[in-house]
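Line order of the protein sequences matches chains A and B.
For the first sequence, the UniProt record's numbering gives the first residue as 1, with consecutive numbering after it.
For the second sequence, the UniProt record's numbering gives the first residue as 1, with consecutive numbering after it.
It is possible that part of the hints are untrue.
If several chains are the same, the list does not tell them apart, and a pair holds so long as it fits within one copy or across any two.
[Said to hold, decoys possible] Dumping the calculated DSS-like pairs for lysine-lysine here, alpha-carbon to alpha-carbon at most 27 Å:
#1 Lys111 to Lys7
#2 Lys193 to Lys129
#3 Lys128 to Lys7
#4 Lys95 to Lys193
#5 Lys193 to Lys164
Calculated directly from the structure, the hints in this document are not laboratory data.
Computed from a prediction, not measured in an experiment: that's the story for all the values here.
2 protein chains.
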Amino acid sequence: MIKHFSKEDILESDSFFRRNLINCLSGYKSLNLIGTKSKSGINNLAPFSQVFHIGASPPLVGILFRPHTVQRDTLENILETEVFTLNHVTPEFYKEAHWTSARWEGSEFEKTGLEEEYLEQFYAPFVKKSPLKLGCSLVETQTLKINETVLLIASIDHIYVEEKGLRQDGSLDLNILESVTVSGLDEYHVGEKLSRLSYAKPDKLPQEI
Amino acid sequence: MIKHFSKEDILESDSFFRRNLINCLSGYKSLNLIGTKSKSGINNLAPFSQVFHIGASPPLVGILFRPHTVQRDTLENILETEVFTLNHVTPEFYKEAHWTSARWEGSEFEKTGLEEEYLEQFYAPFVKKSPLKLGCSLVETQTLKINETVLLIASIDHIYVEEKGLRQDGSLDLNILESVTVSGLDEYHVGEKLSRLSYAKPDKLPQEI
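Kindly produce the complete structure, drawing on both the sequences and the hints.
Structure, rendered in structure tokens:
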């Protein structure tokens with residue numbers, strides 16, 4: 001059975017129901033902890049599911065920020081210091097990762113017990129346990145007029161990855177790294193590989209490689 | 001063992017290696033087939049991993065388009081007709097979904113054998129087999145100066161979802177819907193749930209709900 005919601009149905013639905021539904025529609029989302037430190041030295045850690053690829057040459061990443069949420073500290077620290085870290089989450093610490101979204105006073109590292117790490121004189125803190133960590137610097141921001149969402153674009157300046165997850169062709173085995181993915185607002189998963197597929201050509205169905 | 005790549009290492013690496021690596025860094029990505037039809041009536045279907053949540057009230061979705069790729073037909077059709085569909089992919093047809101990215105002449109539905117479906121007089125074609133289908137209309141586009149990536153924002157006008165995957169609170173069970181997620185350029189996975197977690201509060205570690 002198929003359930004149909006028109007735009008009117010969506011707009012008239014309960015706001016809690018609507019928020020859950022709309023947040024699930026795109027499908028599985030990446031999960032990263034963003035580490036920042038204010039100029040005054042207070043560090044911050046928050047989970048984000050809106051991080052995506054912008055380009056490989058130069059290596060660029062994009063992040064969407066909703067204004068007026070608990071995530072605002074992260075954006076303010078990035079605008080102030082121009083650097084931040086992205087850290088993949090594993091099943092070992094996904095509950096602590098979710099917990100960083102609570103309204104804490106002070107550092108989420110201390111409060112949740114996630115250990116911070118400083119690498120190569122990079123100002124922003126990394127999450128020590130993370131199997132894939134990126135050091136990034138701000139390139140530009142744009143505010144979307146339609147709902148004040150902020151699109152932040154950053155350069156990838158450092159990659160730290162556990163070698164067991166790095167293949168010879170440069171691709172990463174996210175199953176081996178145990179990266180966690182999120183659906184909706186609060187549901188966490190790991191990936192279970194179906195296959196890698198060959199470059200698509202018209203003459204035959206792509207093959208597993 | 002941790003492998004470190006500096007920005008110089010990344011820029012000096014082989015372009016194939018770099019493209020694989022950078023495309024994997026954000027983590028698991030959503031996978032949607034975008035269905036469009038040109039004004040002249042030729043329909044098109046292409047896989048996208050850059051679809052994300054922009055807002056719930058009104059319900060908005062964002063898509064990033066790289067210019068000058070095979071995906072360009074999709075963008076041109078949307079600019080021309082202002083409508084498109086988003087369709088989740090399942091293990092049953094993920095190879096055909098990948099195959100739609102080949103350089104076809106004519107309709108990818110016909111060529112790959114994926115059946116199209118028209119619902120509620122909506123001009124753009126849906127993928128019949130998909131367990132979650134959205135009918136969307138163009139709101140605005142912005143071109144990112146840094147690399148000509150196009151950010152398209154659209155309104156969600158129709159949701160069609162298999163009822164077995166819709167929970168009472170509005171959230172979707174993507175494991176039950178069997179939605180596929182993608183890593184890098186060519187690797188496909190399903191999700192394996194860890195848990196849903198309670199709303200995060202400072203007083204205790206979030207609980208499974």
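Is it within a copy, between copies, both, or neither that the alpha carbon of lysine 111 lies no farther than 27 Å from that of lysine 7? The answer is neither: 42 Å in one copy and 32 Å across copies each exceed 27 Å.
With identical chains, the pair lysine 193 and lysine 164 could be close in the same copy or across copies; at 27 Å between alpha carbons, which is it: within, between, both, or neither? both (16 Å within a copy, 23 Å between copies)
Status of lysine 7 relative to lysine 128 across identical chains (alpha carbons, at most 27 Å): between (44 Å within a copy, 21 Å between copies)
Quick one: lysine 193 to lysine 129, C-alpha cut-off 27 Å, is that within a copy, between copies, both, or neither? both (23 Å within a copy, 21 Å between copies)
At most 27 Å between CA atoms: does that hold for lysine 95 and lysine 193 within a copy, between copies, both, or neither? both (23 Å within a copy, 13 Å between copies)
In terms of the numbered hints stated before, the structure departs from hint 1 and from no other.
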